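Q: For reference, the chains in residue letters:
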Amino acid sequence: MVKKTAVGTLLLIVMVSMVWAGGQGEESGEAEKVELSVLWFDDANESEVFLETMADYREANPNVSFDMQVIPFSDYEKKLKLMIAGGTPPDIARVTNNHVSMLYDSLQPLNGNIENLDEFASNFFESSLAFATNPAGELVALPTEATANGMLVNKTAFKSVGIDIDELSKTWTWEDWFDAMKKVVAENEKVKYGIGYDFSPHRWSTLLFEAGGRFLNEDADGMNFNTPEAVDALKFFKRLHSEELAPHSVWMGSEKPQEMFKSGLVACHIGGSWWINAYAKDITNFEWGAVRMPKRKIRSSVPGGKFIATFKGADNKEAAYDVIKTFSDKKHNEQYCRDTFNLSSRKDADIDYPSRGKDFAVFGEDLSVTPAYTAIDWKSPELNKIYSYIREQIVEGLLENQTMEEAAENIHTKGNTFFE
Amino acid sequence: MKKIKTHGTFEQTLTPLLFLAPNMLIFTVFIILPAVFGLRMAFYEWSILGDAHFIGIDNFRMLLQDQMFWRTLSNTVVYVVSVVPLTIVASLGLSLIAARQIPGIGTFRAFYYLPTMLSYVIVGIAWRWILGDDLGIVNYLLTSAGAVKVHWLTKSSMAMASLVFVTVWNRTGYFMMMFIGGLTAIPDTYYEAAKIDGVSRFQMFRHITLPLLRPTVLVVGVLSTIEAFKAFELIFVMTGGGPGYSTKFLVQNIYQIAFEEDRMGYGASMSIVLLIIIGAFAFFQFFMNRKEYSNE
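Chains as they are written, first to last, in numbering that gives the first Met the number 0: chain A, 0 to 419; chain B, 0 to 295.
With the rest of the complex left out, here is chain A (with noise of 0.2 Å):
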């Protein structure tokens, strides 16, 4: 009896606290607390610039408190995928253009989620919205940078055979900067090769666009790969690399060729615009920048960048959306692009990076003549699912296992398999 009454007592006195509890959470106002998880990855300092330039968001926002993970790039699409497949998305994420287009399906539309968001999406760059747009033509992330292809040259090894690589580079052709690279490689004892090209189907296919080629068709429902232009510019790479003026270790090994600029044995370096930020870093011993593609049938670069969204399962969805709108406005979008030294996808961003600012905007240059349909082409999922394939065919081509006709026809027919 005596246990029971006890019982009793303590149940009452626990309801009657919470009772109370809630009563006092009501009366004070007090905002619901939220816990946003955010997955972010690092190509330098991202994940802690993010939160530097959120930190007045969140004294703003005492309720909101961030649980970040970083996860290395390489893990990132797999934990992203099995977050997603096993309902526990993020409630905020980092991702790509190719994630993007990816994960349509499961990415949270903004559309009547922000307000005036058609306004707010206008200042920024069309190819950046154009990989953040669903095929139902709503926008399922922010963009937050743009990346861009290109070249960045080691101006010390050019200067040292007389050749000024800014002037040349303002109007060069692929023939003028084989005929520099020639001369550069034969008089300069420590550049053994002139271009590392990064082990990356997306970098190879800057020369694919500027070829005239395309990996699809006009209407991007099929693979249009096996032809006159793809051929060539296969062949054209097969060429940089039969002159030995490319390095067999980086695309038959496993060398990294930002490894072999950084120590001079390379003289120019195609690769992201994201480069700009580690070379200013670690490149002390020459002098180096970057410089305008050399043209074939065009110029052009192939665009790229970063996006934050929200998920379909996300359980804050209401406090991700504020996060995303607060930090891709001018303000945060230019502080986190200049802390990062990144190039920024708004029209209307003006930063003033510390250093290098004229490297941006050679890399911009290229960009702005690039074609609307690269963004088209690296937007398709199903281009995506064949991203290894195209690398290992290339190699093959290039090791003469097959032609590179051949190669060509094989990424036609692979790729065509996912539009089926």
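I should point out that these hints are in silico values taken from the structure, not numbers from a laboratory. Bear in mind that the values here come from a model prediction, so they are computed numbers and not experimental data. Be a bit skeptical, because a hint or two may be false.
Stated by the list, open to error - Here are the computed lysine-lysine pairs in the BS3-like style, where the Cα-Cα straight-line distance is at most 30 Å:
no.	chain 1	residue 1	chain 2	residue 2
1	B	Lys148	A	Lys255
2	B	Lys154	A	Lys255
3	B	Lys229	A	Lys255
4	B	Lys148	A	Lys413
5	B	Lys229	A	Lys384
6	B	Lys194	A	Lys80
7	A	Lys234	B	Lys154
8	A	Lys191	B	Lys154
9	B	Lys229	A	Lys237
10	A	Lys154	A	Lys280
11	B	Lys154	A	Lys189
12	B	Lys154	A	Lys384
13	A	Lys346	A	Lys316
14	A	Lys182	B	Lys154
15	A	Lys77	A	Lys324
16	A	Lys32	A	Lys384
17	B	Lys148	A	Lys189
Said to hold, decoys possible - Sample of chain B residues lacking proximity to chain A, with all beta carbon distances greater than 12 Å (derived):
no.	residue
18	Ile101
19	Ile185
20	Pro210
Stated by the list, open to error - A few chain A positions that, by computed beta-carbon distances, are all more than 10 Å from chain B:
no.	residue
21	Ala30
22	Arg57
23	Leu116
24	Lys154
25	Asn315
26	Pro353
27	Ser367
Glycine included, each C-beta is placed from N, C-alpha and C at the ideal position.
Using the hints provided, position chain B relative to the given structure of chain A.
A: Frame of chain A; chain B shown alone:
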């Protein structure tokens, strides 16, 4: 007639089961269920983010015509049949030295065991730096000495040989410790008797050590075979499967199919085939060992 009690009391039966329960639960949740789920997946057209459609044995039919499957399977078999015998020979050879009671032998053992404690990713990165064509240490030393550089990782045959060498280097220490355990379990009296009979060292190894080490050889053989079939991280970091397809193995192909091409069902069917192959190899090794025992 007196009834003989063959079972314990209820408590005696239940207690061990209760002790086993947590482990069984973990095993079921993390091993059995995913395996069953994987088996089921192999009969579906299954995208990680989409709906699953039952397609019967179509995935397995497709495998038969998939050139990449056969190519990566053949690369895997070449790797396994190179790595396993070399690992057994190297670890057995080292254990014969390391099992002796001589001064400084502890350091010797630790030195050879050390690579085992490194993650495959670290090992892959380190050897990529050592064997790189242009930035690698070995080629730097070779060219400094006036020799020509070797295409360790950019020539197909050399890339496979380099991978086999690094795998053997990495795993020898681990299996050496197993062999040391086996060697120390052999009674000294056999060797003493053989010595009195004037038997040579090689004959002792041939007629005493090797037959008594057979169970250890079997375990090392089975474990290294399973490891070699499942190899992924080291290869992915060191060669990425290249150059071209030269070192692309079945597990990397499964990874690419499942996660990049988003064909989880097809990837699962390849995993099932891999499981059957590994099981068959392990069974064959056990069978051969048993047969030899029964012949004695």
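Q: None of the hints should be skipped; say for each whether it holds.
A: Going through the hints against the structure:
| no. | hint | result |
| --- | --- | --- |
| 1 | B:Lys148 - A:Lys255 | holds, 18 Å |
| 2 | B:Lys154 - A:Lys255 | holds, 17 Å |
| 3 | B:Lys229 - A:Lys255 | holds, 27 Å |
| 4 | B:Lys148 - A:Lys413 | violated, 37 Å |
| 5 | B:Lys229 - A:Lys384 | holds, 24 Å |
| 6 | B:Lys194 - A:Lys80 | violated, 65 Å |
| 7 | A:Lys234 - B:Lys154 | holds, 20 Å |
| 8 | A:Lys191 - B:Lys154 | holds, 20 Å |
| 9 | B:Lys229 - A:Lys237 | violated, 34 Å |
| 10 | A:Lys154 - A:Lys280 | holds, 17 Å |
| 11 | B:Lys154 - A:Lys189 | holds, 24 Å |
| 12 | B:Lys154 - A:Lys384 | holds, 27 Å |
| 13 | A:Lys346 - A:Lys316 | holds, 27 Å |
| 14 | A:Lys182 - B:Lys154 | holds, 28 Å |
| 15 | A:Lys77 - A:Lys324 | holds, 27 Å |
| 16 | A:Lys32 - A:Lys384 | violated, 40 Å |
| 17 | B:Lys148 - A:Lys189 | holds, 17 Å |
| 18 | Ile101 | holds, 41 Å |
| 19 | Ile185 | holds, 44 Å |
| 20 | Pro210 | holds, 44 Å |
| 21 | Ala30 | holds, 34 Å |
| 22 | Arg57 | holds, 32 Å |
| 23 | Leu116 | holds, 25 Å |
| 24 | Lys154 | holds, 22 Å |
| 25 | Asn315 | holds, 21 Å |
| 26 | Pro353 | holds, 30 Å |
| 27 | Ser367 | holds, 32 Å |
The structure fails to meet hints 4, 6, 9 and 16 from the earlier list, while all remaining hints are met.
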